[in-house]
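Turn these sequences into a full structure, and let the hints steer you where they fit.
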Amino acid sequence: MKLFSEFNKVFQIDNISISERLNTAEASFTTKFQILPSIEAIRSLCNLISDRDDFCLTFKSDSDDIVYVTNQSFASLDFSILTENLSPEDDIDVKIQIDKKVSDSKFSIYDFSSFSKDLSQRPILEVLRWFSNQLHRERYLKFEIYDDDISFSTRTMAFESSENATFKPKIDRNQRLNDCKDAACFYNMNTFEVIPDDFIIEGVMRSGDCLKPLFGKLATVLSLAYVTTSTSIADRVMNVQISGQKTATYKLSIDDIHEDEKWQNIYTWIYTDGNPTDKALIAHNVISLYCKDAKKINLDDEVFEAIKSNYNLYLRKNVTQYLDMKRELAEFIQNVVAHVGDYALAILDKFKKNLIAIFGFLFTVVLTKIGGTQKWDEIFTRDTIYLIEFFVCGSFAYMILCFFEIRFKLKKTKEGYIQLKENYRDILSDIEIKEAFKDDELLRNTESSTRRSTIIWSIAWGILLVAAIIIIEVFTANHGLFVWLWNKVF
Numbered sequence: 001m002k003l004f005s006e007f008n009k010v011f012q013i014d015n016i017s018i019s020e021r022l023n024t025a026e027a028s029f030t031t032k033f034q035i036l037p038s039i040e041a042i043r044s045l046c047n048l049i050s051d052r053d054d055f056c057l058t059f060k061s062d063s064d065d066i067v068y069v070t071n072q073s074f075a076s077l078d079f080s081i082l083t084e085n086l087s088p089e090d091d092i093d094v095k096i097q098i099d100k101k102v103s104d105s106k107f108s109i110y111d112f113s114s115f116s117k118d119l120s121q122r123p124i125l126e127v128l129r130w131f132s133n134q135l136h137r138e139r140y141l142k143f144e145i146y147d148d149d150i151s152f153s154t155r156t157m158a159f160e161s162s163e164n165a166t167f168k169p170k171i172d173r174n175q176r177l178n179d180c181k182d183a184a185c186f187y188n189m190n191t192f193e194v195i196p197d198d199f200i201i202e203g204v205m206r207s208g209d210c211l212k213p214l215f216g217k218l219a220t221v222l223s224l225a226y227v228t229t230s231t232s233i234a235d236r237v238m239n240v241q242i243s244g245q246k247t248a249t250y251k252l253s254i255d256d257i258h259e260d261e262k263w264q265n266i267y268t269w270i271y272t273d274g275n276p277t278d279k280a281l282i283a284h285n286v287i288s289l290y291c292k293d294a295k296k297i298n299l300d301d302e303v304f305e306a307i308k309s310n311y312n313l314y315l316r317k318n319v320t321q322y323l324d325m326k327r328e329l330a331e332f333i334q335n336v337v338a339h340v341g342d343y344a345l346a347i348l349d350k351f352k353k354n355l356i357a358i359f360g361f362l363f364t365v366v367l368t369k370i371g372g373t374q375k376w377d378e379i380f381t382r383d384t385i386y387l388i389e390f391f392v393c394g395s396f397a398y399m400i401l402c403f404f405e406i407r408f409k410l411k412k413t414k415e416g417y418i419q420l421k422e423n424y425r426d427i428l429s430d431i432e433i434k435e436a437f438k439d440d441e442l443l444r445n446t447e448s449s450t451r452r453s454t455i456i457w458s459i460a461w462g463i464l465l466v467a468a469i470i471i472i473e474v475f476t477a478n479h480g481l482f483v484w485l486w487n488k489v490f
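In this note's numbering, the protein residues as written are 1 to 490.
No lab work stands behind these hints: they were computed from the structure. Computed from a prediction, not measured in an experiment: that's the story for all the values here.
Here are the simulated lysine to aspartate or glutamate pairs, EDC-like style, with alpha carbons at most 20 Å apart: (1) 212 - 256; (2) 95 - 65; (3) 106 - 54.
The following label-pair restraints were derived from C-beta to C-beta distances: (4) 301 - 440: 12 to 22 Å; (5) 99 - 249: 40 to 50 Å; (6) 314 - 48: 52 to 62 Å.
Glycine residues also receive a C-beta, built at the ideal position from the N, C-alpha and C atoms.
Dropping the structure here:
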């Protein structure tokens with residue numbers, strides 16, 4: 001029900017001045033005596049105001065007669081004092097004041113626009129203190145909105161315009177508060193008894209976007225307070241200390257802090273499952289190494305991944321796996337590089353063996369004829385030339401097989417290398433895997449060198465075989481198979 005719209009309708013007015021602050025909603029307007037609604041109509045309007053809130057309607061005539069209507073008196077409402085001796089055209093000033101308070105984990109907002117504007121313009125520390133007071137000893141808080149169609153929620157608060165909307169908090173707020181007290185050292189916690197979960201918006205946000213920047217800022221400020229080693233707030237300045245492998249101290253202006261989901265994600269991870277104290281200590285160690293700016297606490301994307309992977313290593317069940325990984329990783333990389341390097345020499349070794357085979361063939365088949373004849377043509381007969389050419393073609397086929405064999409071995413070796421990386425993704429982050437394998441630079445360089453050497457020696461091998469065919473075909477009288485085929489065709 002839109003409360004102030006109903007006032008407009010019942011009092012037949014066009015303009016109503018509305019101002020809603022944190023704990024108080026006020027409205028004022030002027031109407032004519034002749035259109036003043038009945039007492040029953042005014043009582044019906046009063047019934048629209050939540051029972052948990054205190055209200056006061058003030059009616060003032062031009063003659064300064066005043067009638068007050070409150071929670072306790074609206075049942076015996078009497079306008080006789082106010083309306084006596086008034087003419088139909090006389091004005092009556094009406095003022096509405098509603099003092100709001102929390103009851104049954106609910107709080108009223110009668111004009112969301114002015115409420116959110118007032119909230120956003122207040123100092124951050126005042127806003128934190130106000131929410132702390134409203135949430136004190138509450139498991140959650142539901143804001144019932146009486147005008148706009150709004151629906152969004154955080155982990156512990158909901159803003160709903162529907163009377164039938166239900167809200168179930170995502171966390172046990174009291175337990176989370178105790179965890180924060182145990183794991184963090186936030187000196188102002190008694191003053192600001194709020195947690196980031198109170199302001200981390202989740203799910204679909206239907207209207208109410210004006211509060212999103214403010215809530216994001218509040219969630220980040222509190223995440224800093226509960227993630228770092230110790231924090232205190234004084235005079236709009238956060239004094240933050242991070243003690244890990246290094247110790248760093250920061251002075252941050254509250255006004256300069258903006259929403260940072262990285263801090264919120266680290267906070268959520270620390271206080272969700274597991275031991276918050278252990279997680280916080282590991283987070284301090286990692287953050288202290290990554291935060292190098294003496295004036296700002298800026299986190300890179302890989303910080304959160306590094307924190308999680310370090311915690312996984314901390315868990316006892318992963319320690320043995322980690323040590324095995326370190327040993328296996330070092331051995332495997334060494335073997336891979338050695339094998340890949342050997343492939344570069346393999347093609348050269350096969351090339352040398354093939355040369356030896358060719359020269360061995362020439363000595364056994366050709367040079368044995370030198371003792372029986374002195375004529376070159378009788379040494380290189382047509383049958384001998386065909387046999388040599390067949391042997392050379394076989395050598396060429398052998399070269400191609402060797403080339404593809406080395407490529408296949410390179411491929412299988414690289415697949416094994418990649419598979420090893422995949423096997424450790426459950427205990428190492430992508431950043432740490434990249435660092436452990438040196439971003440694959442060693443493998444890429446060795447593979448590139450091997451491919452280059454393989455291609456060079458394959459080309460040299462092929463040129464030698466082609467040169468042998470050309471010499472046989474050109475410089476022998478009987479020629480060979482290729483010249484014979486050429487003559488037959490052409």
